[in-house]
Amino acid sequence: MLDIIFAELVVAAIITFFVREKLAAIIAFFISLLPLLALLDWASNYGFAIINLGIENHMKIYLAGVTLHLAITPLSWFFALMILPLFPVIMLYSYSFFKENDGFFALMLLSLFATFGILLSRDMLSLFLFWEMMSWSSFLLVYRSKDKNAIMSYLIFSVFAAFAILFGIIILWHENSSLLLSDILNISGKLGFVAIASIITGFAVKAVIMPLHAWAPFVYSKCDEPFVAFLSGGLSKLGYYGIFLFLFSLKGVDILQNYMTNVSWNYLLAVFGALSAFFATLIAILQDDLRKLLAYSSIGQLGYIAIGFGIGTPLAITGALFQAFNHAFFKAILFLAAGIVAYRTGKWKISELGGLAYKMPFTFMATLFAIFALAAIPITSGFASKWLLYEAAIQQKYVFIAPIMLIAGVGAFLYSFRILYGVFLGENRHDSVEEAPKSMIAALFILVLPLIIFVVFPGYMLDLMKPALQAAGIESIAHTKFAIETSLAKYNSIAVLITLMVAMIPAFVIYKARKHRVTSFEDNYLAGEPYELHKPAMHAANNYYKPLKKVLLPYLEPGATYYFEKIYNGIKCVSNAVRRIYTGYVQDYAIYVVLFLLFVMGWLIWI
Amino acid sequence: MDMIGIAIKITILIAYAIIGTCTGLLFMGIGRKIVARVHNRVGPPFYQNFIDVAKLLSKKTNISHGWIFDLALLFSISGILLTLLFLPIGGVQLLSTDGDAFLVLYLLAIPSLGFALGAGASGNPNAGVGVMRALVMMLSYELPFVITLIALMIYYDTTSLATIVRMQSINGIKSWAITMPPFMIAAFAADMALQGMLMEQPFDIPVAPHEIASGPMVEFGGKYLGSLMLYKAIALVAETTLFVDLFLGGGVVAHGNFAFVINFIVWLALIFLLFALSILIAASFPRFRIEQAFGFYWKYEAIIAAISLIWVYIMVIK
Chain A
1 MLDIIFAELV VAAIITFFVR EKLAAIIAFF ISLLPLLALL DWASNYGFAI INLGIENHMK
61 IYLAGVTLHL AITPLSWFFA LMILPLFPVI MLYSYSFFKE NDGFFALMLL SLFATFGILL
121 SRDMLSLFLF WEMMSWSSFL LVYRSKDKNA IMSYLIFSVF AAFAILFGII ILWHENSSLL
181 LSDILNISGK LGFVAIASII TGFAVKAVIM PLHAWAPFVY SKCDEPFVAF LSGGLSKLGY
241 YGIFLFLFSL KGVDILQNYM TNVSWNYLLA VFGALSAFFA TLIAILQDDL RKLLAYSSIG
301 QLGYIAIGFG IGTPLAITGA LFQAFNHAFF KAILFLAAGI VAYRTGKWKI SELGGLAYKM
361 PFTFMATLFA IFALAAIPIT SGFASKWLLY EAAIQQKYVF IAPIMLIAGV GAFLYSFRIL
421 YGVFLGENRH DSVEEAPKSM IAALFILVLP LIIFVVFPGY MLDLMKPALQ AAGIESIAHT
481 KFAIETSLAK YNSIAVLITL MVAMIPAFVI YKARKHRVTS FEDNYLAGEP YELHKPAMHA
541 ANNYYKPLKK VLLPYLEPGA TYYFEKIYNG IKCVSNAVRR IYTGYVQDYA IYVVLFLLFV
601 MGWLIWI
Chain B
1 MDMIGIAIKI TILIAYAIIG TCTGLLFMGI GRKIVARVHN RVGPPFYQNF IDVAKLLSKK
61 TNISHGWIFD LALLFSISGI LLTLLFLPIG GVQLLSTDGD AFLVLYLLAI PSLGFALGAG
121 ASGNPNAGVG VMRALVMMLS YELPFVITLI ALMIYYDTTS LATIVRMQSI NGIKSWAITM
181 PPFMIAAFAA DMALQGMLME QPFDIPVAPH EIASGPMVEF GGKYLGSLML YKAIALVAET
241 TLFVDLFLGG GVVAHGNFAF VINFIVWLAL IFLLFALSIL IAASFPRFRI EQAFGFYWKY
301 EAIIAAISLI WVYIMVIK
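These protein sequences, in sequence, are chains A and B. FYI, our numbering numbers position 445 of the first sequence as 445, with every residue one higher than the one before it. FYI, our numbering numbers position 23 of the second sequence as 23, with every residue one higher than the one before it.
Worth flagging that the hints you see were computed from the coordinates, not collected in a lab. Mixed in with the good hints, there may be bad ones.
Straight line, CA to CA, 30 Å or less: simulated DSS-like cross-link-like pairs of lysine-lysine [what the hints assert, rightly or not]:
#1 A:K481 <-> A:K466
#2 A:K347 <-> A:K22
#3 B:K60 <-> A:K359
#4 A:K481 <-> B:K9
#5 A:K515 <-> B:K59
#6 A:K60 <-> A:K466
#7 A:K148 <-> A:K292
#8 A:K22 <-> A:K359
#9 A:K546 <-> A:K347
#10 A:K347 <-> A:K292
#11 A:K397 <-> B:K174
#12 A:K481 <-> A:K397
#13 B:K55 <-> A:K515
#14 A:K550 <-> B:K299
#15 A:K99 <-> A:K22
#16 A:K359 <-> A:K99
#17 A:K349 <-> A:K549
#18 A:K146 <-> A:K99
#19 B:K318 <-> A:K397
#20 A:K146 <-> A:K572
#21 B:K55 <-> A:K512
#22 A:K146 <-> A:K566
#23 A:K512 <-> B:K60
#24 A:K148 <-> A:K347
#25 A:K359 <-> A:K546
#26 B:K299 <-> A:K292
#27 B:K60 <-> A:K515
#28 A:K438 <-> A:K99
#29 B:K299 <-> A:K549
#30 B:K299 <-> B:K318
#31 A:K549 <-> A:K566
#32 A:K512 <-> B:K9
#33 A:K549 <-> A:K148
#34 A:K549 <-> A:K292
#35 A:K397 <-> B:K299
#36 A:K438 <-> A:K22
#37 A:K148 <-> A:K349
#38 A:K546 <-> A:K292
#39 B:K299 <-> A:K546
#40 B:K59 <-> A:K512
If you're wondering where the values come from, they're calculated on a predicted model, not measured in any experiment.
Chain B with its partners taken away, still in its complex shape:
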């Protein structure tokens, strides 16, 4: 690759990072609107989150609790951007063409860990409790999620996300994983896991505004809270994209000259649908207690995921 090629690639990378951030913020705004309509309220305008972030980032008073607290800001933004850039978006993977699903799973842990460090360093017990809840939730939803992930991996005989997307895009929509019966079951389990990953109700246990005063975020303000909102926006895009890549062929429907644009729009539509689904579930259900959520994932969801895994295993060894 020559210098111009590298320059173009870097430009695209920056563009994707900005698009990812803006999409996330926009979705969050629309999500607030949807919830308001379900609750029969008017709700804030859809661009409210842009205003919020701009306000928070430009605040003059910022309270820190030392350098470990600052790690939350640094790691949450950089870690989630890193994850986003390693994901195939609309069939195009920007970095590490043989990118790997395990790598993405562990990259997703970097911002959460940074966030958790900052929350812990604030010394507020509510933050500690919130992180504990977040970690227990993570242990809960990861079980069904990794089982479905392994089902996909042994079916396509690869751990590379790029390959999984490529193999699902051979015949357009017809070759998407979700069209196969075992993966329909798996997709259901993975979507429930996604609900927990997005921390939406009934799994918003970690933030639980009325119980533990927003949990991990309780001591964050100003630029710290602003950066966490940015993190949440990008995480929303990254997590839904992961689901789309795994089950919906990465949104790839077209091949050819303008395929890039079409696939990009389809990807955008798909992640919006997923997000809207999760918001609608969130608007209609109350919060679980943490033991209930754990039981839900490790009993029912894990069994559903295991059925799909066994089904796929039988298909593969035949």
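One chain only, chain A, in its complex shape:
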């Protein structure tokens, strides 16, 4: 079955390159549903049993003398469940988003092909091959943005990540003489440490953990929104998939620990995650560009997953996987909704938008729901994941990480409200804007579904990830359908939801007791004066968090980008110095040859 899916993905990618845009979108939509069939097939065959297929059941590809092994594992099944549904939704959305077919669908299908390959790889070589394929197909998608910063930064960081991963894999292969991921790594000491650390660093680039995040704000803010939704929702999870695979499934954390026992390497990952969450949130608060804001918020929210992996207890890892799942959906909604706003108004700056909520009620509702999930309001599944992570930090008495996580959670309210107020509420500045096309709205609401399902039944989510955790030897935490229990406390989602509904009754009685009249805000605030007179003074969303900006900016100014620029300038200086050797005069080259000969002769005589 897997080989058929792979073949069809490639064929479809080629076909969609040549057909017209609407047809391409339809083909791409149906083809991108195929990998989900493979997941269903797995679930119906094995249920939620912890089954790692033996090597004889792997799908094998013989390629130039090596064998690539592909198979679904419980871990890849869970990650596929959060990443793969994004593709059909994005195709559905793109049906109306793109005016002409310029290769977007073909490249997205190639990305899907590579993503599916990464998740199925059972040996490091195929993992690396598919990883590179994914990097290159997404690079071509980034290239469509025609923005020099985005293209160069994505290219450089991808290449760096690829080298880091390849370096680690080569060491592991050399020491272990096996590339299979089902074998236990038989390596220790300095080499093992270097290999694992380098692989984790490589994956951390795609997982946008600070300070390796510098590419993300450029890329997220300049590319097509459907692609960015995949990049933030899906691709970043592949980075965390790699980290999980090498740290927990292959017990890389023991290798790190055995080499230097006095340093807690896990804790280091958690600290980097916490710093990502904290600083990215503060930077996001101060952004005026909607896409940049979402990019930094994405970095911040992904930081929580790193914290969870870093703390490394079953509770924390459960929370991290839950957070990864939620993030895939709510961040995809937010980026897609931002795309809708730009599609209808052509504007990205929050201070130039405003008052769209009544024009686009459905887009607003989906966005509101995504923001509830992002801000961990307990009426979406976003709360359960954050709660698990907080509990984990308190359980381990991590007194540095816990407050930072919590305050980053509060910071999320600030930038969330900036989106809500600046874009959707406040003064109405667009009279002729309509609601988005139906396919886009449908795409948004499909993504809202999981956020609702898993707030009512948070236990089901833990059931879904149970095989993945147990396959890695991590025990699953106690839960029922509605409640999650830890050693510290218990969270019962249904109690919250029912009480909220009951508490709505008095509110509703007050609301219905007296009639109200709807008036436009111009009538009320301006007392009937012409709106045009007050236009410049009206928009409060302009430079919204000005007082905070004044206080925070001096501390945030020399960010990571500053240091990367220093490195860039250093390399530029060295390269310029090296280039001076090529003067273009034949005499100079002749002198080089003579000098070289002299050097060789001197060396020979010395020997």
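The hints should help you fit chain B onto chain A, whose structure is shown.
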């Protein structure tokens, strides 16, 4: 639990909701009286807020700005009632016996978010500015507050508010958290955070009547303003109760047959003391600017809270 048990529980829940609302309104009235006396005025009668709310809720003219504006009313009342019912009051927690401090923190955000949505939907720039100030204030006071919260949590090794209250009530007053030196410091920081949470001076920046025309509330009138007054009254009770639960053992002093009544009265007295303290501070200080408030919380208060956290951490790992 049988049907009668459920019926009794629901009755108690409704009673608590009503008691919470009335207590809040009464306190607000008394607060106005106290401020008036500090300012050497006579002040309105202590039941003035009941009259105000009744008047506002029965007004015939109500101006709305669309369905998002109405969310403010619906979410503020329901969200704050939800929060109140999840808090241990006088040692009795009504819902979710293993209730959780993080849950309460995030439940407290529901009414504020609903309120902010309504304010934003009104389109008045003063409302937008007011919400911005409220959110920045929230970011400011939450830092010292969560640090003290974490200090308590790692000391009692639980995140459940019910457990924190239970462990503090073992020996009556002697086992209250505030009797321990590190938590005395923490309680000071948390009380300052409470001042910001209650939006009293010097931290009444979000409403700031003379600067931004009451900020978020500027477009609210009639039943909308009435419901917001109810929200403010219940929020006052909920926030002071949170403090009492964390540091003052939830007001639990007695165990036995009539303990329920005694504890309830002690709880009432304690939240009144906290509220009176905050009102007295409010009556004697002018308003901070927002950067000053932010600096106050993130520099001095955060350091004070961090000292208590480090102290507790050393105590715990020993």
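Quick rundown of the hints versus the structure:
| no. | hint | in the structure |
| --- | --- | --- |
| 1 | A:K481 <-> A:K466 | 14 Å, holds |
| 2 | A:K347 <-> A:K22 | 25 Å, holds |
| 3 | B:K60 <-> A:K359 | 29 Å, holds |
| 4 | A:K481 <-> B:K9 | 24 Å, holds |
| 5 | A:K515 <-> B:K59 | 9 Å, holds |
| 6 | A:K60 <-> A:K466 | 28 Å, holds |
| 7 | A:K148 <-> A:K292 | 16 Å, holds |
| 8 | A:K22 <-> A:K359 | 26 Å, holds |
| 9 | A:K546 <-> A:K347 | 22 Å, holds |
| 10 | A:K347 <-> A:K292 | 13 Å, holds |
| 11 | A:K397 <-> B:K174 | 26 Å, holds |
| 12 | A:K481 <-> A:K397 | 28 Å, holds |
| 13 | B:K55 <-> A:K515 | 15 Å, holds |
| 14 | A:K550 <-> B:K299 | 16 Å, holds |
| 15 | A:K99 <-> A:K22 | 9 Å, holds |
| 16 | A:K359 <-> A:K99 | 23 Å, holds |
| 17 | A:K349 <-> A:K549 | 17 Å, holds |
| 18 | A:K146 <-> A:K99 | 18 Å, holds |
| 19 | B:K318 <-> A:K397 | 13 Å, holds |
| 20 | A:K146 <-> A:K572 | 23 Å, holds |
| 21 | B:K55 <-> A:K512 | 16 Å, holds |
| 22 | A:K146 <-> A:K566 | 24 Å, holds |
| 23 | A:K512 <-> B:K60 | 12 Å, holds |
| 24 | A:K148 <-> A:K347 | 21 Å, holds |
| 25 | A:K359 <-> A:K546 | 28 Å, holds |
| 26 | B:K299 <-> A:K292 | 29 Å, holds |
| 27 | B:K60 <-> A:K515 | 7 Å, holds |
| 28 | A:K438 <-> A:K99 | 16 Å, holds |
| 29 | B:K299 <-> A:K549 | 16 Å, holds |
| 30 | B:K299 <-> B:K318 | 28 Å, holds |
| 31 | A:K549 <-> A:K566 | 25 Å, holds |
| 32 | A:K512 <-> B:K9 | 27 Å, holds |
| 33 | A:K549 <-> A:K148 | 28 Å, holds |
| 34 | A:K549 <-> A:K292 | 16 Å, holds |
| 35 | A:K397 <-> B:K299 | 23 Å, holds |
| 36 | A:K438 <-> A:K22 | 15 Å, holds |
| 37 | A:K148 <-> A:K349 | 20 Å, holds |
| 38 | A:K546 <-> A:K292 | 17 Å, holds |
| 39 | B:K299 <-> A:K546 | 19 Å, holds |
| 40 | B:K59 <-> A:K512 | 13 Å, holds |
Checked against the numbered hints given earlier, the structure satisfies every one of them.
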